[in-house]
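Chains A and B, in that order, give the protein sequences. Reading the first sequence from the start, the letters are residues 1 to 625 in full-length UniProt numbering. Reading the second sequence from the start, the letters are residues 1 to 625 in full-length UniProt numbering.
Calculated from the structure, these hints are not laboratory results. Watch out, some of these pointers could steer you wrong.
Identical copies look the same in the list; a pair holds intra-copy or inter-copy alike.
Straight-line distance between alpha carbons at most 20 Å, and here's what the computed SDA-like set of lysine to any residue pairs gives [claimed, not checked]: (1) Lys-178 with Glu-385; (2) Lys-178 with Ala-218; (3) Lys-624 with Arg-328; (4) Lys-625 with Gly-580.
Number of protein chains: 2
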Amino acid sequence: MAFSAPIQDILFVLDELADLPGVLALPGFEDCSRDLVQAVLEENGKFVEQALAPLNRVGDRVSAQWADGTVTMPAGFAKAFHEFAAAGWQGLQHDTKWGGQGLPKLVGAPASENLNAANLSFSLCPLLTDGVIEALTRVGSPEQQSAFMPPLLQGRWTGTMNLTEPQAGSDLARVAAKAVRQDDGTYRISGQKIFITYGEHDLAENIVHLVLARTPDAPAGVKGISLFIVPKFLTAQDGSLGARNDVWCASIEHKLGIHASPTAVLLYGAGKGEVGEGGAVGYLVGEETHGLEYMFIMMNAARFAVGLQGIAVSERALQQAQAYAAERVQGQALDNPGRSVTIDQHPDVQRMLASMRALTESARALAYCAAGARDKSLRHPDERERAWNQALFDYLVPIVKGFSTENAVEVASLGVQVHGGMGFIEETGAAQHYRDARILPIYEGTTAIQANDLVGRKTLRDGGKVAAELARRMRATLAELQAQADSGGRSGPGTGASAAGATGAVSGSGELALIARRFEAAIQAYEQAVAYVLDTASKEPRAVYLGSVPYLMLSGFVLAGWQMARAALACCRIMPSGAGDAFHARKLASCVFYAAYILPRTQALATAILEGDGAANAALVICKK
Amino acid sequence: MAFSAPIQDILFVLDELADLPGVLALPGFEDCSRDLVQAVLEENGKFVEQALAPLNRVGDRVSAQWADGTVTMPAGFAKAFHEFAAAGWQGLQHDTKWGGQGLPKLVGAPASENLNAANLSFSLCPLLTDGVIEALTRVGSPEQQSAFMPPLLQGRWTGTMNLTEPQAGSDLARVAAKAVRQDDGTYRISGQKIFITYGEHDLAENIVHLVLARTPDAPAGVKGISLFIVPKFLTAQDGSLGARNDVWCASIEHKLGIHASPTAVLLYGAGKGEVGEGGAVGYLVGEETHGLEYMFIMMNAARFAVGLQGIAVSERALQQAQAYAAERVQGQALDNPGRSVTIDQHPDVQRMLASMRALTESARALAYCAAGARDKSLRHPDERERAWNQALFDYLVPIVKGFSTENAVEVASLGVQVHGGMGFIEETGAAQHYRDARILPIYEGTTAIQANDLVGRKTLRDGGKVAAELARRMRATLAELQAQADSGGRSGPGTGASAAGATGAVSGSGELALIARRFEAAIQAYEQAVAYVLDTASKEPRAVYLGSVPYLMLSGFVLAGWQMARAALACCRIMPSGAGDAFHARKLASCVFYAAYILPRTQALATAILEGDGAANAALVICKK
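Kindly generate the complete structure, drawing on both the sequences and the hints.
In structure tokens form, the structure reads like this:
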């Protein structure tokens with residue numbers, strides 16, 4: 001299946017919802033015009049469509065292959081990676097000082113989404129490298145930066161994150177890898193790391209591992225962890241590759257999906273290589289015992305990026321399902337028995353396609369708004385704006401990660417269903433998205449980890465301040481919707497279903513009133529849930545944490561629904577006469593569908609959250625040993 | 001992962017919810033005692049645990065293999081099938097006249113569930129054979145019955161259903177396979193059939209295909225389809241296998257899951273074999289052009305059986321996740337930081353495990369109630385009881401099929417999530433359930449096909465009569481719950497969460513009140529949805545059919561929730577003092593959790609259904625070409 005980057009929807013979100021004008025007005029982006037943004041994204045779209053999308057199936061079929069400690073990528077991946085590197089895509093949102101383009105995260109986000117939509121397995125390599133670059137940008141020493149940043153940005157070297165060990169998954173307190181300081185200031189690292197994405201491969205000449213390990217005298221738990229740079233090859237005096245370091249790929253995993261992405265078991269200090277005994281040579285990042293704090297920089301970037309992966313897989317699955325449904329003739333028209341139709345004319349298939357679209361577009365809108373907030377948090381001249389945007393971004397990261405990836409599993413599953421029996425046949429391609437998507441709510445922190453973050457650090461810590469401000473802003477949008485609906489929408493009275501069916505447009509006050517009605521109920525559900533979390537957390541923490549994932553999903557549905565409500569208002573501005581182009585008519589329809597069919601989930605979630613006490617007690621009995 | 005047949009829960013459902021006593025009192029079951037039922041199910045459990053469960057992984061890994069028209073099953077499958085046949089399991093619920101055990105469907109259902117839970121791919125073979133037996137029982141001629149029933153019941157031969165062709169999936173009007181009558185009364189069948197489960201294999205000596213095909217002068221559409229028996233080998237005069245018929249397996253599919261179940265492309269009339277030119281030799285079942293009607297007999301049996309498969313995969317995924325979560329140590333106790341715990345002590349993992357359990361148990365209860373209704377519809381001495389039970393069974397079949405299988409996808413996905421990163425590794429086994437489960441909402445009629453049946457033939461046709469009677473009966477249960485809750489449950493005032501946590505039991509009126517509160521809201525949601533469907537179907541059919549799957553799911557959640565509410569009342573009867581054994585305490589907790597966390601979905605579904613008009617209009621715009 002060909003992939004087509006959704007440039008029009010991306011630009012709509014940037015222009016109308018994520019405040020691209022405001023971001024481009026920030027200090028440091030003087031050279032970045034709206035035209036440039038569009039040109040970059042169109043170029044990016046072309047690149048991923050042509051160079052990466054065609055490799056998605058072969059990567060799935062062939063998989064990365066391990067033999068004797070080396071990993072061979074599927075045919076075509078190395079060539080594509082060299083093209084990716086040569087075009088400068090790795091440096092898109094990184095500092096010009098190190099050879100990057102210095103573009104806003106708000107531009108980097110859609111570029112990253114497209115990359116992942118074209119080829120999820122491929123894109124994990126740049127995703128991890130982005131994380132290493134982000135960490136070194138913030139906490140690397142000047143020497144570390146000048147040694148590692150240029151080759152990483154050029155795509156000559158790639159990066160990894162090494163957190164997990166067999167006994168230490170979500171629980172980093174259990175990290176046991178050792179780091180022993182040497183007289184020359186370097187460290188020797190030993191231990192085993194698992195689930196290391198692109199821990200070994202043949203795409204680039206060197207791999208820079210960021211590794212969590214424990215120094216001998218460090219305290220127990222997460223406070224005793226330090227962060228180290230461990231390159232696969234050391235750098236020789238002249239800057240060329242030097243000694244082979246003592247880090248080795250013992251095996252790669254046989255996984256449900258993302259087959260082309262090698263998931264490595266790495267052994268540090270096996271006593272091989274060219275650095276002698278005692279472990280792999282590592283360089284301390286920042287100070288000892290601050291490793292987790294630094295790793296969070298990388299993890300926050302990666303969590304946001306994995307949220308984008310969710311949107312990417314959703315977009316890809318949607319395109320595949322749409323194309324199939326538009327071609328597959330089966331059954332007869334509901335309003336004209338006897339006339340054969342393609343299945344995208346059947347109401348149930350329309351429900352599935354519209355659900356896939358609404359979930360994808362709404363998650364995209366929310367994620368890009370978060371990206372814009374990140375840019376403002378770093379560069380806005382007003383300190384209060386910076387602070388609010390930082391708080392907003394921090395609040396949204398677990399939601400973007402959890403919500404977009406849980407949605408991706410649903411969207412990919414619907415994508416299979418649209419295909420009927422053909423969806424279950426591997427050659428069709430829909431099944432790959434269903435398999436690939438399943439890792440997204442797990443890695444870089446499961447949805448539960450995101451949800452605990454949202455409850456603990458993002459809701460309870462500030463006493464619900466950010467949540468209250470969001471509710472206030474959502475109510476302002478609601479008031480605008482209600483005013484527009486009362487004033488007759490764009491074009492006088494609502495046209496009703498049959499007239500709209502005939503003209504092929506959703507229009508008028510009926511639709512805005514529908515959105516307002518459902519959005520209001522969703523805001524109420526959100527407010528109730530936030531109040532419950534604030535009131536109950538200290539009295540019945542088990543009840544609140546039992547409901548943390550529902551709380552995250554509710555927050556996602558309402559905040560993404562807010563963006564869809566704003567999108568509906570934007571469409572009414574753009575199509576004041578009621579007649580519009582196909583894109584905006586479809587976008588408005590997507591907003592209506594989201595309100596009617598997706599937003600009601602917030603009611604069910606709120607009810608469940610508020611019954612948390614009884615549910616938690618029941619769950620405890622159920623799981624009693 | 002070992003599998004353990006959930007005999008205790010099965011017996012609870014049979015005894016307390018599905019009226020096993022009433023079924024055993026039916027004419028024809030005089031020889032079947034409660035003790036016999038338990039003994040049969042325990043024996044069945046032992047057989048599937050020992051002979052079938054261990055083959056589940058190897059079947060997935062090795063797959064059925066095609067070469068030169070023959071299919072070789074994974075090692076161990078043939079031996080297991082011979083044991084299955086020798087023990088008489090194929091004939092469990094079939095007529096003693098042909099060598100069956102003649103047990104109620106209410107006993108056959110759990111036996112079939114266990115079979116499928118142990119090994120889904122294996123069990124598809126007996127499932128299809130059951131369908132052929134059912135069809136020949138009702139519409140086969142005496143000659144056909146005596147020729148085919150004994151070897152089918154003995155497991156010497158197996159059966160298949162041949163509906164689908166490349167252009168005819170859900171739309172059987174497009175069936176193009178040809179059947180030409182010969183002078184000797186036989187037919188010659190030619191054409192291509194796809195997606196034929198166990199269409200070729202090496203488990204049995206012969207395969208009996210039931211094939212839909214069209215006679216030359218038949219009308220177009222579904223009314224021109226006839227049904228034929230086409231055996232792989234004809235029967236010689238002495239009853240031994242005769243000439244090789246002209247039906248050939250051209251290939252098998254490379255599928256997302258159920259790898260050991262061969263999904264065949266079958267060619268009829270390729271001009272090979274030992275029956276000469278003109279097509280495969282076939283025998284007309286019943287009369288010409290009544291094929292679809294006969295096939296529906298088989299399909300209804302198969303749809304119900306696929307519903308059981310959904311419960312089976314759910315049970316298997318639940319057991320796998322529970323076992324992993326009980327062993328995996330990660331993180332610290334919420335109420336005692338510093339104490340390491342297994343992950344099944346974390347609230348979010350408890351939410352997932354409890355959700356998996358509640359979805360599985362509720363779907364089981366509903367399916368068994370349907371099975372009991374089927375037995376009564378066939379054998380009850382009172383004609384009105386027969387009629388009501390037939391109407392009830394017909395109403396429930398699409399729900400059991402659609403609801404249980406959609407749940408299975410969710411449960412299997414939660415099962416992966418419970419495992420975290422390990423869930424994505426194929427060797428763990430959780431991923432297989434996620435892949436296997438995905439076919440269930442597709443084959444034997446997609447969820448949309450079930451939902452259209454529920455709306456059209458099961459709700460609109462009788463003007464909502466069955467639905468109204470169900471609502472009335474649910475309200476009776478609700479009244480009972482409310483009365484019990486008001487009278488203080490089993491043991492005086494509710495104990496509250498912390499006390500219950502300490503005693504390890506959910507008990508008292510608080511919990512019954514919770515169930516009553518949520519059940520009442522769910523009944524209201526159901527009544528609203530039914531009324532909407534009845535009111536709107538003729539005015540806005542597109543709105544109603546857009547909401548057909550939500551309508552099916554809503555019906556499933558409330559009807560299964562009804563059984564959970566009845567189960568809660570039964571638990572209170574069984575544990576009148578408030579203290580009970582672990583099984584009933586856990587069952588009551590499962591009912592509470594279902595009410596608190598699953599039933600609220602009915603509100604969201606009802607809201608979406610009632611917004612159907614706006615949503616349908618929007619979906620039409622979204623899918624406009």
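To see whether the hints hold, each was checked on the structure:
no. : hint                 : verdict
1   : Lys-178 with Glu-385 : neither (42 Å within a copy, 74 Å between copies)
2   : Lys-178 with Ala-218 : within (10 Å within a copy, 79 Å between copies)
3   : Lys-624 with Arg-328 : between (50 Å within a copy, 15 Å between copies)
4   : Lys-625 with Gly-580 : between (61 Å within a copy, 16 Å between copies)
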